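Asker: Chain residues, written in single-letter form:
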Amino acid sequence: MEYILNPWPWYISGPLIALVMAVLLYFGKTFAMSSNLATMCSMAGAGKFVDFFKPDWKEKKWNLMVVLGAIFGGFIAKYFLSNETPIDLNKKTILELNTLGFNDVGKTIVPDEIFGFDAITSPHGLIVLIIGGLLIGFGTRYAGGCTSGHAITGLSSFQKPSLIAVIGFFIGGLIMTNLIIPYIF
Amino acid sequence: MKYLKFLLVGIFFGIVLVKSEAVSWYRIYEMFRFQSFHMYGIICSAIITGVLFLQISKKRHIKNLLGIEIFVPKKEDGFIRFVIGGIIFGLGWALIGACPGPMYILIGTGVYSMIIVILAAILGTFIYGAIKNKLPH
Numbered sequence: 001m002e003y004i005l006n007p008w009p010w011y012i013s014g015p016l017i018a019l020v021m022a023v024l025l026y027f028g029k030t031f032a033m034s035s036n037l038a039t040m041c042s043m044a045g046a047g048k049f050v051d052f053f054k055p056d057w058k059e060k061k062w063n064l065m066v067v068l069g070a071i072f073g074g075f076i077a078k079y080f081l082s083n084e085t086p087i088d089l090n091k092k093t094i095l096e097l098n099t100l101g102f103n104d105v106g107k108t109i110v111p112d113e114i115f116g117f118d119a120i121t122s123p124h125g126l127i128v129l130i131i132g133g134l135l136i137g138f139g140t141r142y143a144g145g146c147t148s149g150h151a152i153t154g155l156s157s158f159q160k161p162s163l164i165a166v167i168g169f170f171i172g173g174l175i176m177t178n179l180i181i182p183y184i185f
Numbered sequence: 001m002k003y004l005k006f007l008l009v010g011i012f013f014g015i016v017l018v019k020s021e022a023v024s025w026y027r028i029y030e031m032f033r034f035q036s037f038h039m040y041g042i043i044c045s046a047i048i049t050g051v052l053f054l055q056i057s058k059k060r061h062i063k064n065l066l067g068i069e070i071f072v073p074k075k076e077d078g079f080i081r082f083v084i085g086g087i088i089f090g091l092g093w094a095l096i097g098a099c100p101g102p103m104y105i106l107i108g109t110g111v112y113s114m115i116i117v118i119l120a121a122i123l124g125t126f127i128y129g130a131i132k133n134k135l136p137h
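Listed in order, the protein sequences are those of chains U and L.
Each residue of the first sequence is one higher than the last, beginning at 1 in my numbering.
Each residue of the second sequence is one higher than the last, beginning at 1 in my numbering.
Quick caveat, the hints were computed from the structure, so don't treat them as lab data.
Since this is a predicted model, take the numbers as computed values, not measurements.
You may find that some hints are simply not true.
Stated by the list, open to error - Cut-off 30 Å, straight-line C-alpha distance, at most; resulting in silico cross-link-like pairs (BS3-like, lysine-lysine):
id: 1; chain 1: L; residue 1: Lys58; chain 2: U; residue 2: Lys48
id: 2; chain 1: U; residue 1: Lys160; chain 2: U; residue 2: Lys60
id: 3; chain 1: U; residue 1: Lys160; chain 2: L; residue 2: Lys2
id: 4; chain 1: L; residue 1: Lys5; chain 2: L; residue 2: Lys63
id: 5; chain 1: L; residue 1: Lys2; chain 2: U; residue 2: Lys54
id: 6; chain 1: U; residue 1: Lys160; chain 2: L; residue 2: Lys134
id: 7; chain 1: L; residue 1: Lys63; chain 2: U; residue 2: Lys58
id: 8; chain 1: L; residue 1: Lys58; chain 2: L; residue 2: Lys2
What the hints assert, rightly or not - Now the stretches of chain U that chain L is said to cover, found in silico as 3 or more residues with beta-carbon under 8 Å:
id: 9; region: 70-78
id: 10; region: 125-137
Glycine is no exception: its CB is placed at the ideal position from the N, C-alpha and C atoms.
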């Protein structure tokens, strides 16, 4: 039981993520989380204004079920399958984040300084979340996929577009973390 | 019933991503600062396992539930869309510390402010759809 309650090592987690992809392919579907955002646009009636959002979103219901399951899975993992082990971050990471004004680094899953009540009720904090969300939604659809579709599925099947996209993900991520985050927090 | 299996896959996915700490903003920050192998280990071992699965199913002609040989749909051709779209997503991924899977999973762990991010992401997707024809692909 202790093995389950403690954080799982990368060499267990990685293959289990590949298993999710394998099972979805076996079901005749693909592992593509960001496409749910387009489905939700269609559900909200975006097809009336923009042809890109086809009104036949019911065909994508299976993927919305994956999303619903993922929310339940997060709940189960957090409240039934975890102990209070802090995240085993690099000491340097913790110190760096302390200097940026983050306290209790690694004691919760995400920092209160970004996702806590005080943060999201301040204009600065709210803008951070909105801009982040816009970038994710716009970028994934422009690139035609996210980490699941391009990094895991695309690279596993040796697709060049996915390699280009993943290199793009990392360029963007490196710019944000190294050049922008130090100025916004 | 048709959808139950997808719900179960989602539950499993959510559990794995929380237990691996891949849903943590801190882990994503650490990855982009090259201060830990953890996330690289997860991504690389997932890809290696995925390659093995796809190669084996190709050699053995393993069929999916619909009776068709397992296959991965081909991505569309292009270059600019993957570079620019990729960079834009990467900026958001590092800022929020979550990609589209973890955004939902985190709601289950009690990070309700992720709902704001998801609504903004839906709007971002809508904006892409609206200006798609004006963008280089």
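Asker: Now, for every hint given, state plainly whether the structure supports it.
Answerer: Hints, one by one, checked against the model:
1. L/Lys58 with U/Lys48: violated (41 Å)
2. U/Lys160 with U/Lys60: Answer holds: U/Lys160 to U/Lys60 is near 26 Å, not above 30 Å.
3. U/Lys160 with L/Lys2: violated (34 Å)
4. L/Lys5 with L/Lys63: With Cα atoms ~18 Å apart, L/Lys5 and L/Lys63 stay inside 30 Å; holds.
5. L/Lys2 with U/Lys54: The given pair, whose Cα atoms are some 23 Å apart, holds under the 30 Å limit.
6. U/Lys160 with L/Lys134: The hint holds at about 24 Å.
7. L/Lys63 with U/Lys58: Holds: L/Lys63 and U/Lys58 sit about 25 Å apart, inside 30 Å.
8. L/Lys58 with L/Lys2: Roughly 27 Å between the alpha carbons, so the hint for L/Lys58 and L/Lys2 holds.
9. 70-78: This one holds; 9 residues, not fewer than the three required, reach chain L with a Cβ under 8 Å.
10. 125-137: Check passed, 11 qualifying residues.
The structure is inconsistent with the numbered hints 1 and 3, although it conforms to all the rest.
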